[in-house]
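Undergrad: Each chain, letter by letter, is given below.
There are 2 protein chains.
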Amino acid sequence: MAVEYFEAHNFFLQKGGSLPVARLAYRTSGTLSPTGDNAVLIPSWFSGNDEASETYLTGTGRALDPEKYFLIFTNLLGGGRSSSPSNSPAPSEQGRFPTVTYYDNVRLQHALLTQRLGVEHLRLVTGWSMGACQAYQWAAQYPGMVRSAVPIAGSARTASYNKIFLLALRRALTLDPVYADGFYASPPIRGLKAFAAIYAGWGTSEPFFRLGHYERFGAKNHAEFLEYFWEPFYLGHDANNLLTQLKTWELGDISDSPAYDGDYTKALAAITAKLITVPIDKDRYFPPEDAEFAASHIPNGRCATVESTWGHMAPMDPNLKETFDALFHEALS
Amino acid sequence: MAVEYFEAHNFFLQKGGSLPVARLAYRTSGTLSPTGDNAVLIPSWFSGNDEASETYLTGTGRALDPEKYFLIFTNLLGGGRSSSPSNSPAPSEQGRFPTVTYYDNVRLQHALLTQRLGVEHLRLVTGWSMGACQAYQWAAQYPGMVRSAVPIAGSARTASYNKIFLLALRRALTLDPVYADGFYASPPIRGLKAFAAIYAGWGTSEPFFRLGHYERFGAKNHAEFLEYFWEPFYLGHDANNLLTQLKTWELGDISDSPAYDGDYTKALAAITAKLITVPIDKDRYFPPEDAEFAASHIPNGRCATVESTWGHMAPMDPNLKETFDALFHEALS
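If you're matching them up, the sequences are chains A and B in order.
For the first sequence, the working numbering gives the first residue as 1, with consecutive numbering after it.
For the second sequence, the working numbering gives the first residue as 1, with consecutive numbering after it.
Take these hints with a grain of salt, some might be off.
[Claimed, not checked] Taking lysine-lysine and the BS3-like style, the derived pairs with C-alpha atoms no more than 27 Å apart in a straight line are:
1. Lys15(A) / Lys321(A)
2. Lys247(B) / Lys15(A)
3. Lys15(A) / Lys220(A)
4. Lys266(A) / Lys220(B)
5. Lys220(A) / Lys220(B)
6. Lys247(B) / Lys220(A)
7. Lys247(A) / Lys247(B)
8. Lys247(A) / Lys266(A)
9. Lys68(A) / Lys220(A)
10. Lys68(B) / Lys247(B)
11. Lys68(A) / Lys321(A)
12. Lys321(B) / Lys15(B)
13. Lys321(B) / Lys220(A)
14. Lys220(B) / Lys15(B)
15. Lys220(B) / Lys321(B)
[Stated by the list, open to error] Here's a subset of chain B near chain A, in silico, CB distances under 10 Å, partners left out:
16. Thr174
17. Tyr184
18. Arg216
19. Phe217
The set of hints was computed from the structure by calculation and includes no laboratory data.
From the three backbone atoms N, C-alpha and C, an ideal C-beta is built for every residue, glycine too.
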């Protein structure tokens with residue numbers, strides 16, 4: 001099915017301001033069952049979109065099979081398809097786009113599900129990276145609505161170390177004079193290339209480079225991996241969109257809501273879903289320790305660490321499809 | 001003893017060009033024994049100097065005791081005390097300073113030792129980070145002259161993954177429009193702050209942040225750690241000097257010389273010194289695996305991995321002084 005749009009008007013935001021029109025781009029695959037018990041929500045990751053989520057996490061014959069489940073793929077605010085700096089009219093255009101949080105994203109997705117799609121219960125919410133963060137957010141923000149959750153390589157609260165990474169990305173990108181405080185006439189190419197270089201060092205793992213796994217991307221060395229993969233990828237994105245998503249990521253914290261008032265363990269304890277959190281052992285910014293902590297405070301939580309030299313990028317490793325599918329099956333059962 | 005200077009004229013460089021005058025800033029502590037068997041060379045690390053080496057690695061009552069050994073502390077070319085972009089006259093000033101390698105640095109240090117200090121044999125060469133890289137370089141470049149070597153958290157050849165980190169630092173710093181291709185009128189503050197943010201994410205380790213070790217630096221969180229420690233540190237350095245040292249680091253390879261012609265295992269096999277390489281288990285860019293590989297190809301080599309949540313910064317951890325001293329004692333015995 002093609003991308004569709006859900007719109008909320010005068011959408012007030014958690015950290016202040018509002019979007020006159022908040023557009024949520026989404027796509028569905030499969031059909032909602034008569035009893036409404038087969039809806040699976042898959043929010044997008046940083047710089048990803050609904051198509052990427054579908055490609056890597058679902059498919060006919062896989063655990064998340066559109067023949068069996070009603071799959072809903074959403075796009076982050078700031079992701080380029082939903083309302084974003086790159087596509088919003090004044091007064092929310094470019095450098096004036098406001099700060100949005102996971103709370104805002106999930107509230108908008110909730111409106112889509114309940115007001116348009118007729119979905120009252122989620123059999124599963126899953127996602128990778130920022131998609132995983134949204135899965136945690138769903139489980140804490142609408143606990144009565146989420147039966148199971150599988151956050152892959154994400155966190156319920158963004159860690160200090162992770163924030164240093166995000167800060168480095170932000171500083172490098174906004175340093176490009178072409179960026180012009182977000183009102184650039186052409187893309188800040190050099191800033192995006194510096195962004196790509198920083199990302200390349202965090203996105204996979206040390207052994208990924210030592211063992212030469214970049215060869216699977218047609219690269220002979222680190223420089224070609226950067227040139228052939230990371231640079232074109234980030235040059236294809238709008239700088240303000242990336243920065244909007246980074247800010248959402250940085251502010252990630254399921255306890256930052258009136259219900260929990262900053263009490264992180266209280267928020268984790270409020271999650272009633274069967275939650276299997278899936279960190280990657282060599283993930284450079286979402287370490288297993290944080291996921292273990294979260295799982296240990298979630299009543300029906302379990303941590304299933306996956307080993308991979310692909311580090312944070314593990315869901316892109318074709319050899320791990322069965323591993324992830326087994327975890328989805330477990331959560332869906 | 002105060003800093004002294006050794007000068008070599010018309011100093012030709014490995015990668016081309018020359019320095020009309022190559023100045024090597026150094027300091028000594030202790031006295032050379034009549035038989036000349038107690039000289040210990042300690043080259044400086046990235047953005048470090050002779051004083052920092054002395055403070056962290058030596059001292060009365062420690063293994064490297066100036067009462068017993070003739071300690072020689074050298075400064076890297078580009079380090080700000082030896083010939084550097086910041087202190088060289090035309091035609092080598094600022095952005096015109098040439099590329100220098102470990103080979104060049106060690107050749108100049110060799111001239112200092114043999115032509116001025118009367119040192120024909122090194123009881124030990126040690127150092128941390130780029131100091132460790134120079135220790136490897138010494139052992140391969142002048143094998144007959146080095147009795148033992150203890151490279152701490154460094155490598156004999158800069159790894160692909162390490163180069164990605166260096167590239168990110170270079171791109172961020174040179175992106176600052178103030179940098180002006182190396183001919184800046186005032187320091188590129190924003191570039192240096194972006195540099196500091198990238199470094200903060202690599203210099204220690206994930207658990208250093210998760211466990212809140214930044215509190216030992218008076219910081220309550222990652223942002224204060226950056227503000228109180230990393231930013232002032234790098235704002236105190238000259239941008240061109242940092243970039244010169246980065247280039248030396250990037251080109252690190254003991255086999256890049258006429259003697260080995262790029263054959264890395266041949267260069268390692270040629271090391272006759274008793275070499276104890278000391279990687280840190282959580283070092284983000286000099287992993288134990290690279291050190292183990294090197295040690296396994298050095299006839300008299302051994303790898304002694306040290307565990308520390310301080311990661312690459314382990315030698316700054318006061319709790320590890322005895323650990324390092326024990327390794328120095330072993331090498332000196």
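Undergrad: Taking the hints in turn, state whether each one holds.
TA: Checked hints:
Between Lys15(A) and Lys321(A) the alpha-carbon distance is near 38 Å, which puts this suggested pair outside the 27 Å criterion. For the hint pairing Lys247(B) with Lys15(A), the CA-to-CA distance comes to about 43 Å; that exceeds 27 Å, so the pair is violated. Restraint check for Lys15(A) and Lys220(A): the C-alpha separation of about 45 Å exceeds 27 Å, so the hint is violated. About 23 Å separates the Cα atoms of Lys266(A) and Lys220(B), which keeps this hinted pair within 27 Å; it holds.
With a C-alpha separation of about 42 Å, the suggested pairing of Lys220(A) with Lys220(B) is violated against the 27 Å cut-off. For the given pair, Lys247(B) sits about 21 Å from Lys220(A) by alpha-carbon distance, which is consistent with the 27 Å threshold. Between the alpha carbons of Lys247(A) and Lys247(B) the distance comes to roughly 33 Å, so the proposed pair goes past 27 Å and is violated. With a CA separation close to 24 Å, the supplied pair Lys247(A) and Lys266(A) stays within the 27 Å bound.
For the given pair, Lys68(A) sits about 42 Å from Lys220(A) by alpha-carbon distance, which is inconsistent with the 27 Å threshold. Annotation: proposed proximity of Lys68(B) to Lys247(B) is violated, straight-line Cα distance about 36 Å (limit 27 Å). A distance of roughly 18 Å separates the Cα atoms of Lys68(A) and Lys321(A); the hinted pair therefore holds under the 27 Å criterion. About 38 Å separates the Cα atoms of Lys321(B) and Lys15(B), which puts this hinted pair outside 27 Å; it is violated.
Using a Cα cut-off of 27 Å, the hinted pair Lys321(B) and Lys220(A) is violated, with the two alpha carbons roughly 41 Å apart. Simply put, Lys220(B) and Lys15(B) have alpha-carbon atoms about 45 Å apart, too far for the 27 Å limit, and the pair is violated. Between Lys220(B) and Lys321(B) the CA atoms are separated by roughly 26 Å; this keeps the pair inside 27 Å, and the hint holds. Residue-level restraint check for Thr174(B) holds (minimum Cβ-Cβ distance to chain A is 9 Å; threshold 10 Å).
With its C-beta approaching chain A no nearer than about 14 Å, Tyr184(B) sits outside the 10 Å limit, and its interface hint is violated. With 10 Å as the threshold, the beta carbon of Arg216(B) stays out of range of chain A, its nearest partner Cβ sitting at about 15 Å, so the hint is violated. For Phe217(B), the suggested interface contact is broken, since its CB lies about 13 Å from the closest CB of chain A, more than 10 Å.
Violated hints, in rising order: 1, 2, 3, 5, 7, 9, 10, 12, 13, 14, 17, 18, 19; the structure is consistent with all others.
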